[in-house]
Amino acid sequence: MSIPELLINDGFITASEREEIEAFSAESGLSFLKIVLNFGYISRKNYERSLLNAGYTFAPVREMEYDAEVLSKIDLQFAYERVAMPMRIENNKVLVLMANPNDELFLDFIKFTYDKEPEIIVAYDLEIVWLSNKLLGEKYVKSAVFELMKRDPDNSAVVTFTSPQLIFIFVLIALVTIGLVLSFKNTSITINVILSSFFLVAIIFKLFLALVGSRFELHQAVTKDELKLIVDEDMPIYTILLPVYKEDKLIKKLIWNLQALDYPKHKLDIKLLLEEEDDKTLNAVKNLDFPAIFEVVIVPFHMPKTKPKACNYGLHFARGKYLTIYDAEDIPDTDQLKKVVSLFGKLPNEYVCIQSALNYFNRNENFLTRMFTLEYSYWFDYMLPGLDTLDIPIPLGGTSNHFKMAELIELGAWDPFNVTEDADLGVRAYAKGYKVAIINSTTYEEANNEPFNWIRQRSRWIKGYMQTYLVHMRNPVKLWRTIGWKGFLGFGFFIGATPITFLVYPLLLLFFIAYVIFDLSTIRTLFPDWVLFMSIFNLMVGNILMIYVNMMAVFKRRYYELILFAVANPIYWLMHSIAAYKGLYQLIVKPFYWEKTNHGLSKVNNPTNVVK
Amino acid sequence: MRISKSVYLLILTGILVIYYLVCAIYLHDLGYYNQESLFYIEKAKIVFEGLGNRLKVMGLTAPITPFYAIFVFTPFGYALAPILASAMGTAGLFYVMASSLLKNLKNDFYLWILLAMFLFHPGLIYSACSGKGIYMSLIFFFLFFINLFKFYKSNTTFHVSIASICLVTLIFCDYKFIWLTLFFLPLVLSITVHSLKLGEQESIFRLYQSINSPSLRRKLVNKTFSLYIILFALPLVAVLCYKLLNLTHASDLNYFNESPYATWNVLVDKLSFDAQTAGGNIKIPEISILLSARVLLFCPMIIVAVYLLRESTYQVLTILTPFALIEFLHIKYDKVYVGYQYYLLFIVLAFLCVIIKHHTVKNHFAFKIMLGIMVAVQIGMGGYYLKTSSIPEEKNFVNILFNRTDDDTQAENMDVANYIASLPGDQHILIDDATAYPIVAFTRDIRPLIMPYESSFLSALESPDKYADYIVIATAKNVLTGYTQLNNKYIIQIKKTIPQMDFRKVFETKYWVVYRVIAVR
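Protein sequences appear in the order of chains A and B. Using this note's numbering, the letters of the first sequence map in sequence onto residues 1378 to 1989. Using this note's numbering, the letters of the second sequence map in sequence onto residues 490 to 1010.
These are calculated hints, taken from the structure and not from any lab test. As the structure is a computational prediction, the values presented were derived from the model and not from experiment. For glycine and all other residues, C-beta sits at the position ideal for the given N, C-alpha and C. Some hints could be false.
Said to hold, decoys possible - Example chain A residues on the side facing chain B (calculated, C-beta under 10 Å, incomplete):
hint, residue
1, 1584
2, 1587
3, 1588
4, 1593
5, 1657
6, 1759
7, 1900
8, 1903
9, 1907
10, 1929
11, 1943
One chain only, chain B, in its complex shape (with noise of 0.2 Å):
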C-alpha cells in the first residue's frame, strides 16, 4: 500500500516529536531549566491551583501565547509541560514548512535537507527542549512570511489578512516583533509601487513616474495606505487594547512588558545589563551592522534567498527587513543581547524563499550541493553560536546537551521549594514571586504561599506576623535582591516599624533565607 505524503508528513513528524521528547526529557533529568519556561510553570500553577483572582495572571502574563500553549500539557506535569509545548510546537514548526514544501517541490530532496536541520541544528533542538516559546515565534513568523509571499503572487485580500493575523500572534508571542510594523513601511510602498499598471519595469522611476502624476499619487498613497491599515492595523489595535486592559486591571500600560511579574524577561535582561556594565567585558560581535555579518555565518542560505528573490526589490526588501528589525533591536536594547532566536529567524525565512522560489533554478544539482554544504555549514555554525553565546542559558543548554553533565544552576532554588515542601500544610509562607518564581515553581503545592497576585500579599508584607508563618528573602549576594522588597532590608525595616516580632532563620542557602516569623509577647 502506497502512503500518501501527508500521512509520510506525519510519520515525519511523529518520530521528530519523539526524537524531541527524548531530548527533552534526558535534558530534564539531568537538571536543565531556563527562566522562561520555569515562569511559565510558576504562572501555570498559579492559573490551576492558585488561590484568590488570578485573572491578572492569566490575561497579563506575557509572552501571553507561549504561556497558554503550555496549559494543554499541564495534565502531563507542570515541569514537563513548557517542553512538551516546545518539542511538540517545533515539530509542528516542521510539518508547516514541510507540507508548504510539498506543495510547491516536488523533489525529495528538499525535504531530506530540512529534515536534517530539524534533526541535528542544536538552535532547533535548543527550541524543542527548553521549553521556551520560540517555537511559537519561528512557527507564526514563517507563516507571516508565507502569507505575504502568497499574496505578492496571488495579490488576494485572503493572504494579506492571515498575514495580518499571524502578525497579532507573533507579537503575543515576542512583543520586539512589533517593531517589524515599522520596516515594513518602505516595503509597502514598494509593494504599491510594483502593482501601480506602468510601463516603466525599474522599480525607482515607477515611483518616479506616479509620484510626479496626480492620479498616479493618490492611487498610490491610497492605497500604500490601504495596504498598510489591512497588515497592521489588526496587530497594533491589539496591542492598543491590550495595554487598555493592562491600564484598566493593572494601572499601568506596560505592565505586561516592564513589571517582573508579567514576564519573564524583564529581570532576565536587567541582569544582562548588570553583568555588562559591571564586568566591562563588551562583546566585539554584537555591534551593528556586524550583528548583520553574524547573521549571514550563522545562516548563509540567506544569501542564497536574496539571489533567488533578485528580479524583484520589493522581494528583496521583504527578507531584509528581518535584517533591520534585529540591527533596531540591537540599537533600542543596547545593553542586551540579541537573542538566538532572532539568528532561527533566519534559517526559517531562508528556507522559504527556497520554497517558493526553487523553480527560478536552472541548475539544480549545482543548487542541492550547494544547499546541502550550506546546511551542514548552518548546523555547525548553530553549534558554534550556541557555545559562543553571550547568554548564559543558551550556553548552559549546550554545554548540557553535549557534555551531559548534570545541571545544577537551580539546585538552590529546588532546595528552598522541598523547604517549604516539608513545612506543615497549614502554614503561610510569604514569597515574592517577581524575583523568587522558580522557588515558586519547584514547589509542591502552592496553596500555603502568598505571593502578589493575592489581595493578602500586601497586607502580609505591612504585619507579616498576622498573615505569615515563613517569609523567604533574598540575600544579599542573590544578584536579584534589588527588584524584591523581600530582602535583607526588609527584615531591619519590619522589625523597626512592628518591635514586638522576630524572624527566626530557619533554613538558609547562599542566594535565600527562610524566616520563621516569631511574634514576640
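If we strip away everything but chain A, and leave its shape as in the complex, we get (with noise of 0.2 Å):
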C-alpha cells in the first residue's frame, strides 16, 4: 500500500486532501511528503503512527557510517527535496534512507545513478533533514560565509577596521594626546564643545525626523480597498524565513501566528533555520502533536554563528518572488503579505524592500517593556518613514522587512560578519541604487523585560550599527557620490551618531552633576562659564527634546497610558550608554560576536493581531 492510501485508511487524510496534495505537489515540483508534513495536513506523530502500523520501523540515523564517494554523486538540494538521502554501498547495495519508502522518483534516482539495488532505510524527516543539510551542505553554508566578501569585499564587515581607518583613529588620538599635554584647558574646551554640541545637533535631527515623520501617520500606503481588490490565484509564492536558535519554547505559538496569516497556504513558503546543534528546538519540533505549516532548514555548523548567516543559508531553499523575515515571538498583522504584495505592485521598479513597523505585544509588562515600547513606536512610526519622506538610507528593523527575492540576492543578500545585518542591508541597497519603502502594517514582537538581556541585546545593535558606519564609511567620497548629501548627512546623524551620542552621554551627564550639583571647583577653573553654559543647555535641550520625541511616540498607536514614562528617558538612555560601552568593547575584542536575546521571558499572552 502507498503512502497516500495508508494515510487515507488510517484517516488523516481524505481522498480530495490527497488529490488536492497531488495537485499541487505536480504544480511546484514539491514531494508528496514535503506537502503532508509541511503544508498543515497531518502531524508528524500521526504520519510516525501510520507508518508503525503498517510495519515499519525508524532507524536511529545520525551516527550512521556514510560514504563521502556515495554523497558526492547527489545534490543537497535533491536530497533536502525528496526528504532522503544515500549513505553507503553495503553488499552492492545502496543504503539508502527515506522518510517516504514509496518515493519513486528518488528510488529511481538511487538506480540510475549508483547502478545498483537501493535498501531503503525509513528514518524521520527531521533526522534526515538535519543529516542531509550537515553532510551535504558544507558548499551551501560556505557560500552563505563567503560569498558577499567575495564579490563585494568593500561592503562586507569581515575586516571591522581598514588600515586608513585605524590610522584616523590613531592620529585622531594622538592629536588629542598631544593638544592636552600642551594645552589641557583649550583641549578640553573644544573636546566639551564638539561633543556637547554634536549630542544637541544629533537629537534636533531625531526630533526633525521624526516631525516630518509624524506629519503622514495617517497615509495608508496600502488602504482596505486596495486589500479587497487582491485575489488569492494571483498572490506570488512568498518565502517567510524563521531563524531561530534554542526557541523551543516558542514553537507552539510560532506555528499560531503563522497559521493566522491570511495568505493563500499552498503559496506560502515558509522555513524554520535551525541551528546544527540545536537539538532543543528541533525535538520541539519533532514532539510537536499538530501539524506543522514550516519546513526546516538546518544550517551547518560554520563560523560566526549569527543570524544572517542562517539566512543566507536558507536563502538557497527559497522559492518564493517575495521574501520576509520574522523572529519567533513574532505576530505580524494578519493582512501583512497581502499589503506588501500589493504595495510591492504599486512602487516603482527601485524599491527592493518594504520594511513593516515593529511594536510591541507586552509593552505594559514592566518599565523596561514600556520605554522599549516609546522606542519602537517613534522609531518605526516616525523616525522611518520621516527618513523614507525625505529618502535617506533606511537602516532596516531586524524583522519583518520584505524584499524582492532576485534583487536581495543581487545585493549579495546579509552581511554574516555584521551583527546589524538588517540595518546593513538597508543602506547597501541605497548605495547601490535600490529605495526602501515602509508600509502600514505591524508585527508585534516580545519587548525585552529583563535589564541584563535587554543591554546584550542592545549592545549588539550598537555594536552593529557601528560597524554598518564603519563599513560604509571606509571611502566617504564615494558614499557621498552614491547616496547624495542628504543620504550621506542622514546616514551619518541616524547610524553613525547614535553609538556616538550614547557614548558621549555619560560625559555630559557628569559634567552637569559635577556643575550642578556638587558644584565642584575644579570644573569652574577648568572650563569657562560659557562652555559650562553650553555644555548643560546642549544637555538639557537634548533630553527635553528627546523626551519629547518619545511622548510624541503615544500619539499614533494611542499608548496614552505611556506618556509619562517618556520623562524616565535619560535613565533609559543611561542603559544605552551601558550597551554602547560593551558594544564599542567588543568590537574591538570580538566583532561577530552575535550576543543572543532570550525571548519567551515574557508573562504576557497577546492574541494573534487580526486585522479585520
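Both chains come to you apart, so use the hints to assemble them.
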C-alpha cells in the first residue's frame, strides 16, 4: 500500500485532500511527503503512527556511517526536496535513508546514479534533513558566509577597521593627546564643545525626522479597498525565513501566529532555520502533536554563528518571489503579506524592500517594556517614515522586512559578519540605487523585559551600527556620490551618531552633576562659564527634546498611558550608554560575536493580531 | 508668461517690504523711537561691541527671539536693525497668512482684502515700522493657531507638535503668552471629548457619558493628559530651563522678566503704574468684560469667525481663549494697560478662521461685502484705538505718522549721547543702562562706557575715581531716577564715603547730568 493510501486508510487525510496534495505537488514540484508534513495536513506524530502500523520501523540515523564518495553524487537540494539520501554501498546495494519509502522518483535516481539496487532505511524526516544539511551542506554554508565577501569585499564587515580607518583613529588620538599635553584647558574646552554640540544636533535631527514622519502618520500605503481587490490565486509564492536558536518554548506560539496569516497556504514557503546543534528546538518540532506549516532547514556549523548567516543559508532553499524574516515570537498583522504584495505592485521597480512597523505586545509588563515600546513606536512610526520621506537610507528593522528575492540575491543578501545585518542591508540597497518603502502594517514582538538581557541585545545593536558605519565610511567620498549629500548626512546622523550620542551621554551627565549638583570648583577652573553654559544647555535641551520625541510616540498608537514614562528617558539612555560601551568593547575584541537575546521571557499572552 | 502663485505672492510681499521700509525709515528720520527698539539696539551693541563677559546679556535679554532677530540686520546699522526686522517680519506675516490663504481659497478677493489690511491698518503699520517685536508674536500666534486647527482636521501628531513648538517661540516673543496654557485646559478636555467615539453628538452629553463609564473615563483622562502634555510640555519645560539658566547666571529665577537689565518692559510697566496712581485717571474702557467688548469693536471680524465655527464647541472655545487671555492679563497686571499687540492678535485670528472655514459660507457674495465692510471698519478702528491709546508710545506713533512732525521724545538722550561721543576716546564713563539704555543706544562707541554687565561696574560704583572719568546721573526730575543707583543721592553718598573725591557738572539736561570725576589730593 502506498503512503497516501496508508494515510487515507488511517483517516489522517481524506481522498480529496490527497488529490489536492498531488495537484499541488505537480504544480510546485514538491514531494508528496514535503507537502503532507509541512503544509498543515498531518502531524509528524500521526505520520509516524501510520508507518509503524504498516510495519515500518524508524532507524536512528545520526551516527550512521557514510561514504563520502556516495554522497558526492547527490546534491543537497535534491536530498532536501525528496527528504531522502544515500549513505553508503553495502552488499552491492545502496543504503538509502528515506522518510517516504514509496518515493519512486528518488528510488529511480538511486538506481540510475549508482547502478545498484537501493536498500531502504526508513527514518524520521527531520533526522534526514538534519543529516543531509550537515553532510551535504558545506558548499552552501560556505557560500552563506563568504559570498558577499567574495563578490563585494568593500561592503563586508569581515574587516572591522580598515588600515586608513585605523590610521585616522590613531592620528586623532595622537592629536588629542598632544593637544592635552600642550594645552590641557583649551583642548578640553574644544572636546567638550564639540561633543556637547554634536549631542544636541544629533537629537535635533531625530526630532526633525520624527516631525517629518509624523506629518504622514495617517497615510495608508495600502488601503483596505486595495486589499479587497487582491485575488488569492494571483498571489506569488512568499518565502518566510524564521531563524531561531534554542526557542523550543516558542514553537507552538509560532505555528499559531503563522497559521493566522491571511495568505493562500500553498503560496507560502516557510523555512524554520535551525542551527545544527540546536537539538532543543528540533525536538520541539519533532514532538509537535499538530500539523506544522513550515519546512525545517538545518544550518551546518560554521563560524560566525550569526542570524544573517542562517538567513543566507536558508536563501538557497527559498522558492518565493518575495521574502521576509520573522522572529519566533513575532505576531505580524494578519494581512501584512497581502499588503506588501499590493504595495510592491504599486511601487516603481527600484523599491526592493518594504519595512513594516515593529511594536510590542507586552508593553505594560514592566518599566523596561514600556520604555522599549515608546522607543520602537517613535522609531518605526515616525523616524523611519521620516527617513523615507526625506529619501535617506533606512536602517531596516530586525524582522518584518520584505524583499524582492531576485534583488536581494543581487545585493549579496545579508552580511554574516555584521551583527546588525538588517541596518547594513538597508544602507547597501541605497548605495546600489535601490529604495526601501515603509508600510502601514505592524508586527508585534516581545519586548525585552529583563535588564541584562536588554543590555546584551542593545550592545549587539549598537555594535552593529558601529560596524555598519565603519563599513560604509571606508570610502566617504564614494558614499557621498552614490547616496547624495542628504543620504550621506542622514546616514551620518542616524547610523553614525546613534552610538556616539550614547557614548557621549554619560560624560555630559558627569559634567552636569559635577557643575550643578556638587558645584565642584575644579570644573569651574577648567571650563569657563560659557562652555559650561553651552554643555549644560545642550544636555538639557537634548534630553528634553528626546523626552518629547518619546512622548510623540504614544499618539499614533494611542498608548496614552505610557506618556509619563517618556520622562524616564534619561535613565533609559543610561542603559543605552552601558550597552554602547559594551558594544564598543566587543567591536574591538570580538566584532562578530552574536549576543543572543533570550525570548519567551514575557508572561504576557497576546492573541493573534487579526486585522479586520 | 504666467507667473506662479508663489512668485506672485513673493512679489506682493516684496512690495509690502518696500512700503514698510519707506514708512519706517521716514519715521526714523523724523526721530521716532520707542523703548523696546532702543533697548534692543543697546543690547545688540553690547553683544557685538561690548567688552568682557557678554554671555548674560546675550542669553538672558528678554524677549529673546525678537532680540535675536535684529542681529541679522545689525550690519545695516544698529539704529535701523529693529525697524528692518519689524518691516521684514510684518511682511513675513503677510506672506505666511497669504500662502495659507492661497492654499485654502481659490478666490483672489480674500488676498486683496488681506493686502489692504496690511497696507492700511494702522496697527499693522505700527507693527511693521516701530521696530518692536510685535510682528514675531503675531507670526507665531498665527502659526500656533493654524496648526491647532490643522490638528483638529487631520488629527496628526505633527500638527500638534508644531503647534507646541510655535507656542514655545511665542512665549519667548512675549512671556505673557505662557498664560495661554492655563486657558487651554478646558479646551483640551473639550477636544478629547469630541475625539471619543460616541453616538451622542452634543458636547455636554458626550462629556457626561464619558465620565460615567469607567473605561471611557480612563481613556478620557489619559488622552486629555497626553494631549495637554504634548501641547504644553515643551513650552513649560522650556520656560523652566530658561528660568534655571537665569538662576545659575543671574541668581534669580525671574531675572529675564523682572530685571530692567534683562527686559525693557519692567520700567515701562512701572511708569505706567506710576502714571495711573499719581494722576488718578482710571481709563474706563479697560475694565474687565468691557475689554472684550473693546476687542469686538476693534475687530468685528472675530464675530464672523465665531459664527463660522459655530458647529463645533471646541473650535469656538479655541478662538475664545485669547479673550480669556487678555481678560486674565488685565486682572493679573492690573496697573498696566493692555498693549496694542494683544488687540492685533484678534485680527490675525479672525482672518485665520475665514481662511479655514470660508467653505461653510453659502452666500459668498454677501459674505465678501460684509468682510469688505468689516475690514474698512477695522482699519478705522485701528487708527482710532492707536490715537486714543493709554500708552504714550502708541499714541506718539500715530501722531507722528499722520502729522509728520519731528519726534523730540528722545532728544535729550541723543544730546547726552552726543556729548559722550565728543569726549576723548580714552575717557571712561560710568553709566547705568537700567535706565540710561536710550543714551547707550545713541552712543556711537560703547567701549568707554562702564555698564553693569561688566565685572568692573560694581568696583567703579564703589570707587569711581579709580575707574571712571565721567558719571551719567539721572536727575530728580527724571521719572526713572528711583530705578537706578546713579542718581542725585549717589553723588551725595559717594562724596561722604570718599571725601577726597569731587564731581564737576560738565553737561546737563532736564533729566540727565554728566559729572566729571575729580580726585582732590
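Here is how each hint holds up against the structure:
no., hint, verdict
1, 1584, "9 Å, holds"
2, 1587, "8 Å, holds"
3, 1588, "6 Å, holds"
4, 1593, "8 Å, holds"
5, 1657, "42 Å, violated"
6, 1759, "8 Å, holds"
7, 1900, "13 Å, violated"
8, 1903, "17 Å, violated"
9, 1907, "5 Å, holds"
10, 1929, "5 Å, holds"
11, 1943, "9 Å, holds"
In terms of the numbered hints stated before, the structure departs from hints 5, 7 and 8, listed from lowest to highest.
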